[in-house]
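Engineer: All chains should be modelled from the sequences, with the hints used to inform the complete structure.
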Amino acid sequence: MDRVPILRLGDCLLVTVQVDMHDQLAMTLQDDLTNKIVATKARGVLIDISALEMVDSFIGRMLGNIAAMSRILDAQTVVVGMQPAVAITLVELGLSLPGIRTALNVDAGLALLRSVLDRSDEGAHVD
Amino acid sequence: MNRLASRLPALIEQHQQEILTDWVKMQLESGAWRGGRLQESQLREECQRFLSLLANNIQKGQQFDTRSSQWSDVREFLTELSRSRATQGFSPSQVATFVFSLKQPIFTRLRDSLMKEPTMLADSMWEATVLLDALGLYTTEVYQQARESVIARQQEELIELSTPVVELWPGILALPLIGTLDSERTQVVMETLLQRLVATGSSIAVIDITGVPTVDTLVAQHLLKTVSAAQLMGADCIISGIRPQIAQTIVHLGIDLSAVATKASLSDAFALALKRRGLGVTAAARG
Chain R
21 MDRVPILRLG DCLLVTVQVD MHDQLAMTLQ DDLTNKIVAT KARGVLIDIS ALEMVDSFIG
81 RMLGNIAAMS RILDAQTVVV GMQPAVAITL VELGLSLPGI RTALNVDAGL ALLRSVLDRS
141 DEGAHVD
Chain B
144 MNRLASRLPA LIEQHQQEIL TDWVKMQLES GAWRGGRLQE SQLREECQRF LSLLANNIQK
204 GQQFDTRSSQ WSDVREFLTE LSRSRATQGF SPSQVATFVF SLKQPIFTRL RDSLMKEPTM
264 LADSMWEATV LLDALGLYTT EVYQQARESV IARQQEELIE LSTPVVELWP GILALPLIGT
324 LDSERTQVVM ETLLQRLVAT GSSIAVIDIT GVPTVDTLVA QHLLKTVSAA QLMGADCIIS
384 GIRPQIAQTI VHLGIDLSAV ATKASLSDAF ALALKRRGLG VTAAARG
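Residue numbers (the numbering used here), protein chains in the order written: chain R, 21 to 147; chain B, 144 to 430.
In case anyone wonders, no lab produced these hints; they're calculated from the structure. Some clues are possibly wrong.
Here's a subset of chain B near chain R, in silico, CB distances under 10 Å, partners left out [said to hold, decoys possible]: (1) SER212; (2) LEU311; (3) THR369.
Distance windows between CB atoms, simulated [claimed, not checked]: (4) R:LEU29 - B:ARG419: 20 to 30 Å; (5) R:PRO25 - B:HIS395: 29 to 39 Å; (6) B:PRO235 - R:VAL39: 26 to 36 Å; (7) R:ILE92 - B:LEU422: 33 to 43 Å; (8) B:PRO387 - R:PRO25: 24 to 34 Å; (9) B:GLU284 - R:MET47: 51 to 61 Å; (10) B:SER410 - R:ASP22: 46 to 56 Å; (11) R:GLY114 - B:ALA342: 22 to 32 Å; (12) R:ASP52 - B:GLN288: 21 to 31 Å; (13) B:LEU301 - R:LEU113: 24 to 34 Å; (14) R:ALA131 - B:GLY232: 55 to 65 Å.
Just so you know, even glycine gets a beta-carbon here, dropped at the ideal spot from N, CA and C.
Structural biologist: Below is the structure:
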């Protein structure tokens, strides 16, 4: 069975979805990712879905779930590279993915993640 | 009536040249031929081609049904003719007259040669009428189709023209909307905006609705959808150009725009966009 590769990038994890997500693959990814966050003590997760051309409500909800789980494990999630067609579909499905940060590409996503992490670090110092 | 029983075939073959001369002359005299738009030589050539195709088909004693495949060469010729005249600005009746005006020369010949046989004359005239009417109506049909395709193309062009996405600054896009927003247009607007966001890597889009005459719940919903889609892709939207009446309407309708930054004018929105990107405008030092 194929898996979605999860790459480590400093204290962040880079998930690149290269194939069309089917439900089982999404469940596996959820498992793998939570394990990997705990194992590597990652602070941020970048999910690159630029190769994803089709989404359904299940995948939309999965993205939301992954973000919520990562947050509980103290990692910030940024979804990057969403295709216009995918964005339109999600909006038409009524899924605006509240609570998920988004960025246009991996570069912008990494910068966003960096600034969010820096801010939360400063917050920790103040406490 | 499947086959031509009358004398029409023989007659057209015998008098083809005379019919042609009469026909061209009549068209030149009538209003169907508009000086300047069409050269006389061109008209003569077209008439000659049509008449020879027609004579050819009638000669073979082919089926009388002009919709059958045997008449396809005549139909092709007429299609081309109607199309070109439709784009040149001829009216439908002028185009149909091209075929209908052939009746008189043919009828004259029929009368001259069949003066002693009234039954045959009537039959032949009837057949010629049916044939030419069918062909004439066919030109009108094609003319209409040609016009409709022109209208459809213009409609598409209008939709494309009405949704320009402009780059105000590297990373800041503006989408000036003009005219009423319906579902179809919103779809196009949304797609163009999102595609341009990807293409330019912009993170902020200003949607200017100064040119949108009315905002109802549907338009507002379309706008909010566009904004959410852009947000999903990682870009922020600012809505600008909200006129006082529209602000009142939005509140009266109970539309919640609190999720989106709104500004009264495009320049305010641009200033906000620059600020979000960490940029600013300062007066140049006088020197």
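Engineer: Range hint 29 to 39 Å: satisfied by the CB atoms of R:PRO25 and B:HIS395?
Structural biologist: 53 Å, violated
Engineer: A closest beta-carbon separation below 10 Å is what the hint needs, so does B:LEU311 meet it against chain R?
Structural biologist: Since the shortest Cβ distance to chain R is 17 Å, the answer is violated.
Engineer: Cβ-Cβ distance between B:SER410 and R:ASP22: within 46 to 56 Å?
Structural biologist: 52 Å, holds
Engineer: Confirm or reject the claim that R:ILE92 and B:LEU422 have a C-beta distance inside 33 to 43 Å.
Structural biologist: The hint (33 to 43 Å, Cβ to Cβ) holds, given that R:ILE92 and B:LEU422 are roughly 37 Å apart.
Engineer: A range of 26 to 36 Å was offered for this pair. Does it hold for the Cβ distance of B:PRO235 and R:VAL39?
Structural biologist: About 56 Å separates the Cβ atoms of B:PRO235 and R:VAL39, which means 26 to 36 Å is violated.
Engineer: Holds or violated: the hint that B:SER212 contacts chain R, with Cβ atoms closer than 10 Å.
Structural biologist: 44 Å, violated
Engineer: May I ask you to test the hint 55 to 65 Å on the CB atoms belonging to R:ALA131 and B:GLY232?
Structural biologist: Holds - the Cβ-Cβ distance for R:ALA131 and B:GLY232, about 58 Å, lies within 55 to 65 Å.
Engineer: Against chain R, is B:THR369 within 10 Å by beta-carbon distance?
Structural biologist: This hint holds: B:THR369 lies near chain R, its Cβ roughly 8 Å from the closest one there, short of 10 Å.
Engineer: Within 24 to 34 Å: is that where the Cβ-Cβ distance between B:PRO387 and R:PRO25 falls?
Structural biologist: 54 Å, violated
Engineer: Does the hinted range 20 to 30 Å hold for R:LEU29 and B:ARG419 at CB?
Structural biologist: 26 Å, holds
Engineer: Take the C-beta atom of R:GLY114 and the C-beta atom of B:ALA342, compute their distance, and say whether it sits inside 22 to 32 Å.
Structural biologist: Given about 27 Å between the Cβ atoms, the range holds.
Engineer: Are R:ASP52 and B:GLN288 spaced within 21 to 31 Å by their CB atoms?
Structural biologist: 59 Å, violated
When held up to the earlier numbered hints, the structure conflicts with 1, 2, 5, 6, 8 and 12 and fits the remainder.
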